[in-house]
Structures are given as structure tokens and as C-alpha cells.
Amino acid sequence: MSDLHFLQELGAEFARLGEARVDSHRRGGRGRVPRGAVASLGLGLSVLVVIAVFVVSIGVHGPDRPGSSGPDQSRVRVTFGASAIDPGARLGPALTRAIPILRTRLAAVPGVRVSRTADGVAVTAPGGQSARARITALALAAPAQLSVYDWEADVLTPAGKPLVKRLAAQDPAAIVISQGLGAAQPGEAAAGGLSLYTAVRLAARQPAVSTTSGLGRPGRQYYLFGAPGSTACATAARDQRAALVRNQPCMLLAGPVTETSTNGDQIDHDVSAALLPGISASQGHLLAVPQGTVVLQAARPAFGTQPSTRAPAGYFVLRDRVALAGRNITDPQPGTDQAGSPDVQFQFTSAGADAFGRVTAQIAHRGQLDSAFHQTLFQHFAVAYGGRLLTVPQIDFRTYPDGVQGNGGADITGGFTVSSARALAAELRLGPPPVRLAVH
Amino acid sequence: MYTREGELVLLFLARRTLDSAVAADLTAETFALAFRSWSRLRGRSENEVRAWLYTVARRQVSRYLRRGHVERRAVQRLGIRMPALHEDDAAAIERRAGLAELRTALGIELARLSHEQREALRLRIVEERSNAEVASELGISEQAVRARVSRGLRALAGALEPYRSESEILR
Chain X
443 MSDLHFLQEL GAEFARLGEA RVDSHRRGGR GRVPRGAVAS LGLGLSVLVV IAVFVVSIGV
503 HGPDRPGSSG PDQSRVRVTF GASAIDPGAR LGPALTRAIP ILRTRLAAVP GVRVSRTADG
563 VAVTAPGGQS ARARITALAL AAPAQLSVYD WEADVLTPAG KPLVKRLAAQ DPAAIVISQG
623 LGAAQPGEAA AGGLSLYTAV RLAARQPAVS TTSGLGRPGR QYYLFGAPGS TACATAARDQ
683 RAALVRNQPC MLLAGPVTET STNGDQIDHD VSAALLPGIS ASQGHLLAVP QGTVVLQAAR
743 PAFGTQPSTR APAGYFVLRD RVALAGRNIT DPQPGTDQAG SPDVQFQFTS AGADAFGRVT
803 AQIAHRGQLD SAFHQTLFQH FAVAYGGRLL TVPQIDFRTY PDGVQGNGGA DITGGFTVSS
863 ARALAAELRL GPPPVRLAVH
Chain Y
254 MYTREGELVL LFLARRTLDS AVAADLTAET FALAFRSWSR LRGRSENEVR AWLYTVARRQ
314 VSRYLRRGHV ERRAVQRLGI RMPALHEDDA AAIERRAGLA ELRTALGIEL ARLSHEQREA
374 LRLRIVEERS NAEVASELGI SEQAVRARVS RGLRALAGAL EPYRSESEIL R
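Residue numbers (the working numbering), protein chains in the order written: chain X, 443 to 882; chain Y, 254 to 424.
Derived from the structure by calculation, the hints contain no laboratory data.
There is no bait here: all hints are sound.
Using 25 Å as the maximum straight-line C-alpha spacing, the simulated SDA-like pairs for lysine to any residue come out as follows:
no. : chain 1 : residue 1 : chain 2 : residue 2
1   : X       : Lys607    : Y       : Glu301
2   : X       : Lys607    : X       : Gly845
3   : X       : Lys603    : Y       : Ser290
4   : X       : Lys607    : Y       : Ser298
5   : X       : Lys607    : X       : Gly658
6   : X       : Lys607    : Y       : Ala304
7   : X       : Lys607    : Y       : Thr256
The shape of chain X in the complex, shown without the other chains (with noise of 0.2 Å):
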């Protein structure tokens, strides 16, 4: 800055105008306080989602169910047979590596024992044929990943155009998802989410690519969605206990669509193997959002704590060009942060911090170059697992300005309980269990 006192003070008129246009773009926020470089990532729930056979109303997440692990309520048993999926390993040390990681796995179930059987597991649970889907769908998913992506260079606006270019043109409603709302911070569902069924369609529309190089999902993603007022959305809502939003489609399934099988019968019959009982396929409209696009559940505010029913489910539609993935992180470990509150912490692996250097390098890059006229616009990464954003902790150009390097590791923070730190971290520690199953 030049050392003439009328620069100086034009200067400070420019970043009063800047921040006040800003301002307006988050329309009436209530002063945001700015997020550390990227000292912390906050973390969610670690829900599989990749078949969701449990129903969400769209729009509204469901609440807990109270009192569904009573002791005066029936339980479901569901057992599974195994098999080791390395040919030359043995069935018995296989299943004792793979129950701890079913336990971790299926935790999310009020209520769950899983138990070993002579050929397989079996598992128990309060409730009745929700609880039996939900079971069955976290423990045959396929392992959540660790995903990191380039927020503003991935992230769909509403239109359907990459962030970063709608960025550039002050388009409220990218500076919106970019720069956060309010207290809602960039990738909360305050902050520019979508209801699903907005986000399912805009994802279907995005064209497909052919490589599977960086992908966090190679193949389709498939949702079925019940008619609004259907008799469907009606049952699922009711055995899943969550509250239906008028006037909204309702999410009936959710999962992958192998290559294969892209003809329509397959993918029907694959649905109405997984719907529940007294859904048919043919009562849902299906979408299949194509390789290369995602949709991820926003982030909560604070991990552990279940969102209010009134509080509305935001998603976000991504290119799926993964940075950084859960096998470029080793040593997951439940810790705490300066602070005192629980995290979880890791190193990278050589490939994983220069990977992490050079994407936060670009993002400083970018963030320095929109920044302009004082309107700091800092950019950010996202950290996703198992279909829902953890955090998006935004990269400070001004303190690293050429990027944070990985050799020191990372910790993740964020309304850790210390449970819920320890679980996420044997998660990521863990793996995928060692065994194939299948329902009896």
C-alpha cells in the first residue's frame, strides 16, 4: 500500500464499500465470526448412506425414535453369513476383525448387539421392519470414504454453474454458499442448501464423465422419490416415525448403480428388492444422478447433537474430483484440540500431504485473486463422509498465502462428543470388515 495519506484513506473507503456490499450479499447476517485457516474440520455423523433403504422425508429430518429401545419392545433379528473376502484367508480371524467393525459401523442403530454366529453375525435391534432395513442397509453398505474437494471450484450453484465462476460475477447466491449466512457457515444447510429432491434433480441434469480417476463414486448414484400426498410417502413416513412435508416429494431409496446394470429392469428389480414392505417401485420416480456429479448432505452445525424436526435438510450438488481421500490419511486417533474439546487427528500419507498442499495452494491462489477492493473473499475445502459434508473450513490467503502444508498432519474439531470422536476415528482407522455378507 502506498504511503500517501489520501490512498491510504480512499482505500479505506473502498474496503468500507466492500465489506458493506458483502454485507448485503448475506443479507442481514449476524456477524459471522470467521473461521480459523484450517486448523479445524469439523466432523459429522458418520452415516453410510450409499443404500439408504430407511425413508427421509424430504426436506425434514426425522426425529430419534423415543423409546424404540425399550426393554418392553419387541426386537428384530437379522442374521448374515460370511464369507472372508481374501480367498486365502481364513473365515474365523476374519469375523473376529470384522465384528468390532460392524459394532462401529451399525452404532447409529438404538439399542444394537451383534453377536457372532457359527458361519456369520447376527444382530438385534428394538423395532420392527425399519429397524430390520436399517441394519440391513449399514451393514451390507459399501465403506464410507473420506473425501476432500476444492469448495468453490466444485460446488453447484442452484443454476447449476460452478461456484467459483458465479463468484466472480458477485452473484448473491454463490457468495451466499461460498461465504456462508448469517451464523450458518459455508456448507451448513442455512448457507445455500438444497431439499434433496432439488439437489437429486439438478445433480441428474449434470452430464456424465467417462473417467473413474478421482472420483469419490465411480458409477451412478440412483433416488426414488414417492409423489407428494402418495400413499408411499405416507408408509414410509409412518414406519419411519419422521414427519412428511407437504407438498415435497419424499426420498423412498437411495444407492448405487453398478455399470452394468443400466437397463431398467435390473435397476427395478434391485429397488424393489431394498423398498419396504408395502412400497412398490413403480409408486417412485427415479433419478439417477450420473459418474462425476455428487450430492452431499450439508454439514451440521454441531456433530452429535440431532437437527431439529423444524430445521430444514440442506443439500449440495458437487463435480465429484476428489482432492484428497480417506487412504491418503493414516494414524486416525480421538484426541483433543487447544481448546480441550474432543477431535480427531491424523497424519497424511507422503501422497496425501502433497496432495492437501497443492489443493489448499490453489484455493489460496483463487481466494487472493477474487479478493478485490478489500471484499476478502476467502475460499474454502470441504471435507465429506459417507455422503454428508463434515466441514468447510475456509484457507486464509493472507496467513498462507502458497497453501498449508500437510507434513504435520490435520485434526478434525467441531462439536466432537468424545464418543462420537472415538467412533469416527476407529471408523477411519478400521476400515472396511474384512468379510462379504449376506442376508440369511
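Could you slot chain Y onto chain X? The hints should help.
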């Protein structure tokens, strides 16, 4: 961008107007216009931004020379509170832009202009009279005043070309 280019644009404008106060006003108007148009700018590399900014600045000089006064339309629309130009700043701008040397050269070049052009420039630029007043004073039409002032300024601008810095010529 402002941090990087602010002083360079100010000195650029000072060399073209030979007046630190006018240059300060034009600098504010240039950056105000840039601020308002920033979202429409496609190329965001350093060179692209600089080229665009100096195009805006040149237009401001042209407009100032054509109309004889500084427009503050963008500054006013944005509600910018114009800072005062400190004496220290004015002296620093004079020194850094080499205005004394330029004025000397200008004086020489001014002497080479025709009497009619020189008078038109004196009344219009130095005394800041309107075109109508100059026309009345000289007994010519307003169109003729504009033509004489314009030709005189072009001649002076051409004469001052050797005093532009190398970096300015490259822009």
C-alpha cells in the same frame, strides 16, 4: 488491486493532467468505476486487470480534457467520502511524477502553439471558463472553442510523449 495499482494509477494520471489534485480526483473516479464494474470483468490475471484499469484511467483523462472538469459521478453514486489531499501528499505526487520537469517542457511546447490555440487553452483550462464564455471572449463559436482546445491539448500531449516513463509507454 487497489493496493497494488493505486499509486501507479495516481502518478499515471498526474503526468497526464499535471495537477496532483485533479489526478487525485480522477484516481478516485477511476477506482470507483472499476469497483462498480469489477463483477463484469472476465480476465482476472494481474496483466488483464492492469490493462483494464489503465483503459478506465485513460478514458477519465480524455473526458476531463474534453469537458474541462472532473466528473465524480461514480464516486457520488457509491457514496465515497472523498479524502482531502494533504499538502505532503501533493508534494510527494509532484516529486514522484516529475511534474516540475513536465511543466517546464509543457511551457516550452505551449509557446510553440498558435496564439489562438494558446488563448483558448488558457481561458478554458487555466481559468476554467465554460465553452460558452470562452466563445464569447474570443468571438468565435463554441464548436470552434472545442476544436482549438482539443487540438492544443493533442499537440501538448504529443510533445510530452518523451517524458512518459518506460512502464507507462508499455501500457
